[in-house]
Amino acid sequence: MILRTLTLAATAVATLASAVPAMAEGGHFIPVMSYRTGPYAPNGVPFANGYVDYFEMLNHRDGGVGGVPFILEECETGYKTDRGIECYDRLKNNNNGAVVLSPWSTGTTYGLIEKAAKDEIPLVTLGYGRTSAADGRVFPWVFNFPATYWSQASSMVRYIGQEMGGLDKLKGKKISLVHFDHPGGREPIPTLELLAEKYGFKMNKLPVALSSLSEQKSTWLQVRKNRPDYVLFFGWGVMNSTGLKEAAAIRYPMDKMLGWWWSGAEADVQPSAEAAKGYKAFSMHGAGIEYPVFDSIKEMHAAGKGYEGEAMGDVLYNRGLVNAAYIAEAMVVAQKHFGRAQLTGSDVRWGLENLDVTKERIEELGLTGLMPVTKVTCENHEGTTPAALVQQWDGKKWNIISDWIPAMSDVVRPLVEQDAALYAKENNITPRTCS
Amino acid sequence: MLYREAGDFKTTYAKDQALIPIRQDRVMLYIAIALALLLPFVASDYFLGSIAIPVLIMVIAATGLNLLLGYCGQISLGSGAFMAAGAYMAYKCATAFPWLPMPVSIILAGLATAMIGIAFGLPAVRIKGFYLAVATLAAQFFLLWLFTHVPWFVNYTMSGVPTPPPATVLGVYVTGADAPNWAKYLFVLSFTAFLTWIAYNLVRSRIGRSWMAIRDMDIAAELIGIRPLWTKLTAFAISSFYCGVAGALWSFCFINTVEPTAFDINRSFQILFMVIIGGLGSILGSYFGAIFITLFPIFLNSAPAWLGLDIPGDIITHLEFMIFGAMIVFFLIVEPNGLARLWQLGKEKLRLWPFPH
Numbered sequence: 001m002i003l004r005t006l007t008l009a010a011t012a013v014a015t016l017a018s019a020v021p022a023m024a025e026g027g028h029f030i031p032v033m034s035y036r037t038g039p040y041a042p043n044g045v046p047f048a049n050g051y052v053d054y055f056e057m058l059n060h061r062d063g064g065v066g067g068v069p070f071i072l073e074e075c076e077t078g079y080k081t082d083r084g085i086e087c088y089d090r091l092k093n094n095n096n097g098a099v100v101l102s103p104w105s106t107g108t109t110y111g112l113i114e115k116a117a118k119d120e121i122p123l124v125t126l127g128y129g130r131t132s133a134a135d136g137r138v139f140p141w142v143f144n145f146p147a148t149y150w151s152q153a154s155s156m157v158r159y160i161g162q163e164m165g166g167l168d169k170l171k172g173k174k175i176s177l178v179h180f181d182h183p184g185g186r187e188p189i190p191t192l193e194l195l196a197e198k199y200g201f202k203m204n205k206l207p208v209a210l211s212s213l214s215e216q217k218s219t220w221l222q223v224r225k226n227r228p229d230y231v232l233f234f235g236w237g238v239m240n241s242t243g244l245k246e247a248a249a250i251r252y253p254m255d256k257m258l259g260w261w262w263s264g265a266e267a268d269v270q271p272s273a274e275a276a277k278g279y280k281a282f283s284m285h286g287a288g289i290e291y292p293v294f295d296s297i298k299e300m301h302a303a304g305k306g307y308e309g310e311a312m313g314d315v316l317y318n319r320g321l322v323n324a325a326y327i328a329e330a331m332v333v334a335q336k337h338f339g340r341a342q343l344t345g346s347d348v349r350w351g352l353e354n355l356d357v358t359k360e361r362i363e364e365l366g367l368t369g370l371m372p373v374t375k376v377t378c379e380n381h382e383g384t385t386p387a388a389l390v391q392q393w394d395g396k397k398w399n400i401i402s403d404w405i406p407a408m409s410d411v412v413r414p415l416v417e418q419d420a421a422l423y424a425k426e427n428n429i430t431p432r433t434c435s
Numbered sequence: 436m437l438y439r440e441a442g443d444f445k446t447t448y449a450k451d452q453a454l455i456p457i458r459q460d461r462v463m464l465y466i467a468i469a470l471a472l473l474l475p476f477v478a479s480d481y482f483l484g485s486i487a488i489p490v491l492i493m494v495i496a497a498t499g500l501n502l503l504l505g506y507c508g509q510i511s512l513g514s515g516a517f518m519a520a521g522a523y524m525a526y527k528c529a530t531a532f533p534w535l536p537m538p539v540s541i542i543l544a545g546l547a548t549a550m551i552g553i554a555f556g557l558p559a560v561r562i563k564g565f566y567l568a569v570a571t572l573a574a575q576f577f578l579l580w581l582f583t584h585v586p587w588f589v590n591y592t593m594s595g596v597p598t599p600p601p602a603t604v605l606g607v608y609v610t611g612a613d614a615p616n617w618a619k620y621l622f623v624l625s626f627t628a629f630l631t632w633i634a635y636n637l638v639r640s641r642i643g644r645s646w647m648a649i650r651d652m653d654i655a656a657e658l659i660g661i662r663p664l665w666t667k668l669t670a671f672a673i674s675s676f677y678c679g680v681a682g683a684l685w686s687f688c689f690i691n692t693v694e695p696t697a698f699d700i701n702r703s704f705q706i707l708f709m710v711i712i713g714g715l716g717s718i719l720g721s722y723f724g725a726i727f728i729t730l731f732p733i734f735l736n737s738a739p740a741w742l743g744l745d746i747p748g749d750i751i752t753h754l755e756f757m758i759f760g761a762m763i764v765f766f767l768i769v770e771p772n773g774l775a776r777l778w779q780l781g782k783e784k785l786r787l788w789p790f791p792h
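Chains D and E are the protein sequences, given in the same order.
Per the working numbering, the first sequence starts with residue 1, numbered consecutively.
Per the working numbering, the second sequence starts with residue 436, numbered consecutively.
Wrong hints could be hidden among the right ones.
[Claimed, not checked] In silico lysine to aspartate or glutamate, DMTMM-like type, Cα no more than 20 Å apart, as pairs:
(1) D:Lys-118 <-> E:Asp-480
(2) D:Lys-375 <-> D:Glu-363
(3) D:Lys-174 <-> D:Glu-197
(4) D:Lys-425 <-> E:Asp-480
(5) E:Lys-527 <-> D:Glu-426
(6) D:Lys-397 <-> D:Asp-255
(7) D:Lys-245 <-> D:Asp-229
(8) D:Lys-198 <-> D:Asp-229
(9) D:Lys-277 <-> D:Asp-229
(10) D:Lys-397 <-> D:Glu-426
(11) D:Lys-92 <-> E:Asp-613
(12) D:Lys-298 <-> D:Glu-364
(13) D:Lys-245 <-> D:Glu-215
(14) D:Lys-92 <-> E:Asp-480
(15) D:Lys-118 <-> E:Asp-613
(16) D:Lys-174 <-> D:Glu-163
[Claimed, not checked] According to the in silico footprint, chain E covers these stretches of chain D (three or more CB under 8 Å from chain E):
(17) 31 to 37
(18) 71 to 78
(19) 81 to 90
(20) 125 to 134
(21) 183 to 190
(22) 421 to 434
The hints are simulated quantities; they were obtained by calculation from the structure and are not laboratory data.
If you're wondering where the values come from, they're calculated on a predicted model, not measured in any experiment.
Just so it is clear, CB atoms sit at the ideal spot from N, CA and C, and this is done for glycine as well.
With the hints as extra help, turn the sequences into a complete structure.
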């Protein structure tokens, strides 16, 4: 692994020159809350690599954004909530203060929602965390574009409808939901229940307890008994690879098994490589390495920076990369608006809220096909066009097999507003007006 | 010579029965309290919020388990679940009765947890040792299952992870995001100090002595007229009360979210290790254990950065696991009675020093 020279330089400067107030050049400090150890490390490593690589690439190629470099510092959380919060407190004031943060854990996100708002550090939670944070009037500091758990669940139902030849065909069909029994894994259930009622399909919930993620025989036995038309698979970490092996063992047709976007990485399918052939998972960005941006990343690797290695182009690597690209874009927007290069957390928040990533802009960034078109507004922090892609595992790599499948925002949005209103009431928050 | 009781005459019975009879010990306690009160003025926000607060909360939980395991000899692997019970109950109390002062909500949560503790302590009347440990494991899994599957406990929020409501004490926020760390620290500190004082008194009272009698030999205790049922259940109730208060504070004053994974089986083991490393049957040991188990991994994790060494985060964490594990093994071999015993040995050495005889 290549040494994190930048971090070293930053720490060295911070310790040696603590007498000198504020570095003259400045920089945008972004804490990296990685989990490269523990049970979720196979997912955490590519995620962190992609995230860091994109920022390093911008530092290497353009000297950051608007001439201000990124300063990164990693803190290992092990995907534990209390360690995540400890990391946040440890890092938030370093290097003149963090300007933006991605907590990468639903648990930590919940713990930080209020704290980060108080510290004026915007949270970018890419498709995880608190779904109702999509209501920007109650959660001005949290962003969960390009789509939330609930939007994804509705995209899944729409996709099943498409495959069957119309949403009306869903009536009387059986769909099993194998999910991990944790607030994150249960998050999409209210939406699915609502849709089950609306379209008349039967939903059978099969929770997998946190203590038995790697032991799911009984769950899949029920699937076998039940013979559902589709299985929705909401797992994370070791639950994914185990579940896929069990599904293969009961010979459940893989193309009828749909994973959410945390069950569709290389580390999940590789242990059962051949058996998982045909398995489909949802995603919020493109797969693979065939994008112009990777030329710049390879150049940066050649210069001895970043994380060179096998993870490049993995699903979660790309997710980390897209996460970083959104943040960098928000900074560009904010720099243009405020007319200054060095931004504060509150400037970046403005940038995130006025983010408008168009097709042309994505082309310019060399991310066509990788990053979805996203427009964020003050009211809607999920983006106005939440949608998901379907990717399929061919035994060797993931291939995108669908167009963007739009979410059913007419169903999801009222739920979001309802939950946000409840939160606002409990915490004595007066939602701001967005006009 | 440095530490001595000689010349410290007790002239009244009250003085002889004082909680801390030796003057030097009292002075040390006063110094410790003064330092604890001074801390908010000197320590950084990070130290107060991410180090002092969790340590003080874990002291409460470890004291709770120590009362049960160290004094009454009943092993429990459900401390994490009792913390969760405290957290969820405090959330329910604080949202259902918003007019209640926050300390009262937390005490109520502790009392509710004590009831739960009694229910899960019932098997202790019939079974002992490892079998009891397994029975208390049931609490760990059942309670977490209950809180995550009955939406009533989270006030029917769809996310299932509620946020503790903000509350004030004497006009200053002590929970929620608006609470400054010094206020949260003092809030937690007052709970820790009060509960420690109670614990010290409890273990010298009739209840505490009957716990120890049951621990040392339950048949003999029964023969001299101690009721095992009553004694064991009070131990479970009081221990769960402590854990419940700790869990409520953990959610309200530290992680700021009522999250089930914060109280999983690993939390129970962590508390158990605190009690074992700190010293079974010693309240002071709970302090040592909580400080050691909470702070040492964070220290190992940050030490390379202080030294200016550039080691990747994952390697640091793996090193942390290895060194921490090795330290625990080392302590258990060198001093199986825990850090509290080391403290005691130190005092005995100082009694003689610098003269060997």
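> Given the hint that Lys-118 of chain D pairs with Asp-613 of chain E, does the C-alpha gap stay at or below 20 Å?
Replying inline: Holds: Lys-118 of chain D and Asp-613 of chain E sit about 7 Å apart, inside 20 Å.
>> Does Glu-363 of chain D sit within 20 Å of Lys-375 of chain D, going by the straight-line distance between their CA atoms?
In response: The given pair, whose Cα atoms are some 16 Å apart, holds under the 20 Å limit.
> Within 20 Å, alpha carbon to alpha carbon, are Lys-174 of chain D and Glu-197 of chain D?
Replying inline: 12 Å, holds
> Are there three or more residues in the segment 183 to 190 of chain D whose C-beta lies closer than 8 Å to some C-beta of chain E?
Replying inline: holds (count 4)
>> Does Glu-364 of chain D sit within 20 Å of Lys-298 of chain D, going by the straight-line distance between their CA atoms?
In response: 18 Å, holds
>> So if I understand the rule, the pair passes when the alpha-carbon distance is 20 Å or less; does Lys-397 of chain D with Asp-255 of chain D pass?
In response: 15 Å, holds
>> So if I understand the rule, the pair passes when the alpha-carbon distance is 20 Å or less; does Lys-425 of chain D with Asp-480 of chain E pass?
In response: 29 Å, violated
> Is the straight-line distance between the alpha-carbon of Lys-527 of chain E and that of Glu-426 of chain D 20 Å or less?
Replying inline: 12 Å, holds
> Are Lys-118 of chain D and Asp-480 of chain E close enough, with their CA atoms no more than 20 Å apart?
Replying inline: Judged against 20 Å, a Cα distance of about 14 Å means the pair holds.
> When you check the alpha-carbon spacing of Lys-174 of chain D and Glu-163 of chain D, does it fall within 20 Å?
Replying inline: 15 Å, holds
> Between Lys-245 of chain D and Glu-215 of chain D, is the straight-line Cα distance small enough, at 20 Å or below?
Replying inline: It holds: about 11 Å lies between the C-alpha atoms, which stays within 20 Å.
> For the segment 421 to 434 of chain D, do at least 3 residues have a Cβ located nearer than 8 Å to some Cβ of chain E?
Replying inline: The restraint on the segment 421 to 434 of chain D holds, since 5 of its residues have a Cβ under 8 Å from chain E and three suffice.
The earlier numbered hints that this structure contradicts are 4 and 10.
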